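Engineer: Each chain, letter by letter, is given below.
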Amino acid sequence: MVEIELIQSILVYGAISGGMYALLALGFTLIYGVSDVINLAHGSLFMIGTYIFFVLATPYGGIQIGLLPALILAAIFVAVIGAVTFRLTVHPVIGDPLSIMVVTISFAMIIQESMVLGFGSYRQPVPSLAEGLATIWGVKVTYSKILAFVASLALFAILMTFVTKTKIGRAMRAVSQDREVAMLMGINTEMLYLLTMGISASLAAVAGMLITSSTAGVTYPHIWPQQLYLSFAVVILGGLGSIKGSLVGAFIISYVENTFVFAIDPIIADILNLPVGGSLSGAVIMATMLLVILVRPKGLFGKRVELEE
Amino acid sequence: MHLLEVEKLTKRFGGLTAVNNVSFHVDEGEIVGIIGPNGSGKTTLFHLISGFLKSDSGTIKFKGENITGLAPHKIANKGIARTFQVVRPFRHLPVIANVMVALKSPRGAKKIEWIKTFERKAIDMLEDVGLTELMLEPAENVGHGDLKRLEMARALALEPDLLMLDEPFGGLNPLETDFLTKSIQRIHLDHPSRGIVIVEHKLYALMKIVKRVIVLHEGEKIAEGKPEEITKNKKVIEVYMGKAM
Amino acid sequence: MVTGYFRRAYSSFVAHVLDIPPRLLALLLFLLLLSFPIVNPPSSTLLILTTASLLAIFAASWDLLVGRTGQISLGHALFFGIGTYATGLLSYHLNWPIWVTIPLSVLVGFLAAVLIGFPCLRVKGHYLALVTMAFPIILIGLILYFKNITRGDAGIWGLPKFFPFLPYKQQFIAEYYFTLLLLFASGIILYKIANSKTGMVMVSILDDELASKACGVNITKYKLMAFAISGIFASLAGSVNAHLLQVANLASLRVTLSFMVIVWTIFGGLGTIYGPIVGVYILQVLDQYVLTKIVDVPTPWRIIIYSAIVIVFVLKWPRGLARFVTDKQEDLEEARDIDERGPRIWRTYKKKEKK
Chain A
5 MVEIELIQSI
15 LVYGAISGGM
25 YALLALGFTL
35 IYGVSDVINL
45 AHGSLFMIGT
55 YIFFVLATPY
65 GGIQIGLLPA
75 LILAAIFVAV
85 IGAVTFRLTV
95 HPVIGDPLSI
105 MVVTISFAMI
115 IQESMVLGFG
125 SYRQPVPSLA
135 EGLATIWGVK
145 VTYSKILAFV
155 ASLALFAILM
165 TFVTKTKIGR
175 AMRAVSQDRE
185 VAMLMGINTE
195 MLYLLTMGIS
205 ASLAAVAGML
215 ITSSTAGVTY
225 PHIWPQQLYL
235 SFAVVILGGL
245 GSIKGSLVGA
255 FIISYVENTF
265 VFAIDPIIAD
275 ILNLPVGGSL
285 SGAVIMATML
295 LVILVRPKGL
305 FGKRVELEE
Chain B
105 MHLLEVEKLT
115 KRFGGLTAVN
125 NVSFHVDEGE
135 IVGIIGPNGS
145 GKTTLFHLIS
155 GFLKSDSGTI
165 KFKGENITGL
175 APHKIANKGI
185 ARTFQVVRPF
195 RHLPVIANVM
205 VALKSPRGAK
215 KIEWIKTFER
225 KAIDMLEDVG
235 LTELMLEPAE
245 NVGHGDLKRL
255 EMARALALEP
265 DLLMLDEPFG
275 GLNPLETDFL
285 TKSIQRIHLD
295 HPSRGIVIVE
305 HKLYALMKIV
315 KRVIVLHEGE
325 KIAEGKPEEI
335 TKNKKVIEVY
345 MGKAM
Chain C
43 MVTGYFRRAY
53 SSFVAHVLDI
63 PPRLLALLLF
73 LLLLSFPIVN
83 PPSSTLLILT
93 TASLLAIFAA
103 SWDLLVGRTG
113 QISLGHALFF
123 GIGTYATGLL
133 SYHLNWPIWV
143 TIPLSVLVGF
153 LAAVLIGFPC
163 LRVKGHYLAL
173 VTMAFPIILI
183 GLILYFKNIT
193 RGDAGIWGLP
203 KFFPFLPYKQ
213 QFIAEYYFTL
223 LLLFASGIIL
233 YKIANSKTGM
243 VMVSILDDEL
253 ASKACGVNIT
263 KYKLMAFAIS
273 GIFASLAGSV
283 NAHLLQVANL
293 ASLRVTLSFM
303 VIVWTIFGGL
313 GTIYGPIVGV
323 YILQVLDQYV
333 LTKIVDVPTP
343 WRIIIYSAIV
353 IVFVLKWPRG
363 LARFVTDKQE
373 DLEEARDIDE
383 RGPRIWRTYK
393 KKEKK
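Chains as they are written, first to last, in our numbering: chain A, 5 to 313; chain B, 105 to 349; chain C, 43 to 397.
If you are wondering where the hints come from, they were derived from the structure by calculation, not from laboratory data. Since we're looking at a predicted model, the values are computed, not measured. Wrong hints could be hidden among the right ones.
[Stated by the list, open to error] Taking lysine-lysine pairs in the DSS-like style, the calculated list, with each CA pair at most 25 Å apart, reads:
#1 C:K239 / B:K178
#2 B:K182 / C:K239
#3 B:K178 / B:K158
#4 B:K182 / B:K225
Throw the hints in and build the complete structure from the sequences for me.
Structural biologist: The structure is reproduced here in C-alpha cells:
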C-alpha cells in the first residue's frame, strides 16, 4: 500500500535537506572540535546571515546588489562578527563550559532583539537563488532547492579538503585531537580559534541563506532556536567534533524527518483522528538523537571512551 | 587460598594485546612488585583487577570469590583499594574531604569505630601519611608530592585487604621516596594480613620492600621471583637494557 | 578624586558589611524580604518577587544537579513543565484540590527525574548537556499533539488559587509569604544536602569519576539521587507557579527558562545553592522591575541591556557574584587569628593536638 511517489519524495527531499543540514552542522562541530566551545549562538549567526542577505539582495534599505555578491559579503561580515565576538566574550572564559554557554546565550538574545529593533518581529523575505521547478525522479523540486543542495555539498567538500590537505587545516585537526601537544608543537591556538570561529560563523551564515531562501523564503528574529536544535541533533548524533559525523548525522536526521512528515504522521493522524501536526517532527528528531546516544554515548563517530568499566 | 589469584588474564585493544595470558597470585601479608618497561601492560593489569576494564578472557579471584567483571566500586567495597599512576585528587574538595569520600563508602563506613566521627577518622588517616597540616587546603592547591600521599591515604581509608599502588614513587625526589618507602613498610607492619601490590618503574626503591617480583614485557609475564634473582635474570636484563635501574 | 571616594566606600563596605558571617548576612536579607510588604507595594511588584521566589527554587534545584554532580542539564524546564502540567491536568480533569495535586505533581517530577536520570548516566559532558535539551522539546511535541487532553497551545486555564478565601489584594501578600517560605525551606534543604557528606561525595563525582569509583562510591546511586532531588524541587516550583498564575501552558517548558537558569546560577555562583537564589533575585528585579517599571525600557532594549550586563558580570566575576562576596569573606577570615577561625573540623583537630 506504500506509494512509490511517497518513497521518491522522501528520498529526494531527504537528500536535499540532508545536504543543507550538513553545512549547518559543520560550523558547529568545527568550532567545538578545535576549541571545545558549544556555541549556543550558532543559530544567531545563521540568522544574521539571512538578514544581511535580505538587506543586500533586495531593494530594502536602498541597496540592492547581486545574489552572489550579497552571499559572499554576508559570509565575510558574519565571519568577522563571529571572530570578534568570540575574542571579546568567549575567549576570556574558554575552558569553562557553563560560562561559555551563558555568554553565547546572552549574545544570541542580544542579536535576536537587535533584529527585532532593526527589522521588526515579522517575517522578512529572503530571495530565492533561482526560479523554476524541476522534476527529479518523478518528484517536483524547485531549482532553488537544488542549487542550495549543490552549493551546500560543494562547500562541505571544499571545507573537508581544506581541513585535510592544508597546513592550517592540519593544525586544526592537531588541536582538536590534543590541545597540549599541539601547543607544544608551536601551533598558535589563539589565532587558530579565531580563524576557526570565522569559518564556523560564515558557514552558519551561508547555511542560513541557503536554507531560508530555498524553503520558506523568509526570515524572522525567532528563527534561530530551531536551527540551533537542528545543529545539536545532527552534531550529537554524528559525534561532536567529527566532520564525517555531521555529514552522516545530517542525512540520518533529514531522512527521519522527511519519513515522518510524509509517511508516518499522516498514518498516525488517521489512526488517532488528529490533524497532521508539524509540531511532532521536532520531537521525532530529538527522539532519534536520543536513541542513537543511548547506544553510542558519544555519537556515531565521536571520540571513543577511554576508561570505563 | 590465595588472597588474589589472577588466571590467564587477557585484554586486547583492537589489534594490540595489552595483557596476554597473565597469571599470578598474591598471598596475605605479601608485598609483591610488578615491573616492566613502558607499555608492558602493568597499568592495564591494574585496571583489569580493579574493575576499570573488562578482560577478554581469564579470571580474577579475590579471597576465593570470583570478581571478574565486577564494577570498580563493588571491587573497592570488597576490599581492594588502588591508587592511580597520575594522581587523581578531588580538586574542589579540601584534603580531608578527599579522605572522607572513601570513608563514606559502604566499606569505609563499616570500618569506622562507633565513637569516632568521619572527620576524626579522616584526621587519623592523614596523620598516618603526614598530611594533617594541609587538612583544609583545597586539593587543587596542593603540590604533587603531597598529592601522591593523599592518593595513598584515600586508598588506606578503605582499610583494604589488598592495596594496589600504581607507580607510587613517580615524580618523587629522594627524600620523598625515602619517606614513602618507610610509610609503606610501616603500613605493612601495622596490618600484617594485608597484601600489597606495587607497580613501579624505579626498581631500587621497590627492591627494598617487596618479597617477590613479577616482570611483564609486552603484556606477558616473563619472570617471577625474589628481587635478587630477578636482577640476575638474563631475560629481564635484556628487556631492560639501556633503561636505568 | 571621585574614583578615590568609590574606592574608599568599597573597602569600607568590604570591611564592615562583608565582615558579617555569611549566615547572618543571609538571615538579614531574608528578614528584609519578609518585611518588604510593609511598604505597601503594588500587587504587580509583589508578583514579581513571588515569581522570583519560585524561579529561585528552580535555579537552586539546578545548582544541586550541576554544581554538585556536574551533570549539565540544558533542559531543566522539563521538570518545571512536568510540575506545571501534572497539577494542571489533575486539577482540570479530576478536579482535585490544590493540596492534593501539588504533592502528586512533585511525586511525578520525582519519578520523571529518576526515569530521565537513567539514560543520562551513560552520557557525559557536552553530550549530556545537549541531550538534555531534547526532553522538553519532546514533551512540547507530545503536549501539542495530544491537544484533546492537554488543550495544546491554548493551555489549561482557570486553575484554582491558593487563598481564594482572601480578598484580592491580600491574596498577593499571602502568596508572597507562601512562596518566600517555600524558598526558605527549599533553600535550606538543598543547601544542607549540598554541604552534607552526600554533597561531598557528589563533588567527588564531579571532580573525578574514576577516583570516586576507586573509593567505593556507587556513582549511579548518587547521580540518580541528584537528579531525583533536583526534579522534586523543580517540579515543586512548576506546580506552585501554575496555581499562582492559574494557568498551565507551554511557557513552562520554554527554552528560555532552561537557558535562564544557567544564566542566573553562573551569575550568582555555581555550586553554592545561595548563588542562584541571589542571581535570580537580582536579575529578575533588574529585568522586571528596574528596566520595566522604573525606567520603562521597551522590551527589545530591556533584553539587550540585561544580556549585556550578564555578559559583563560573567566575564568579570566568572565564579559568580555571591561567590565573590563569600570569597572576600574568606579572605577576611584568613586574616584573623589562626586559632579562632575555621570550621568545626579544624577546631576539633586543634583541640586534639593540645591534649
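Engineer: Are the hints correct? Go through all of them and say.
Structural biologist: Here's how the hints hold up against the structure:
1. In summary, the hint linking C:K239 to B:K178 is supported, as the alpha carbons are separated by about 20 Å, within the 25 Å threshold.
2. For the given pair, B:K182 sits about 22 Å from C:K239 by alpha-carbon distance, which is consistent with the 25 Å threshold.
3. A threshold of 25 Å between alpha carbons decides the hint, and for B:K178 with B:K158 the separation of about 14 Å falls inside it, so the pair holds.
4. At most 25 Å may separate the alpha-carbon atoms for a hinted pair to count; B:K182 and B:K225 meet this at roughly 20 Å.
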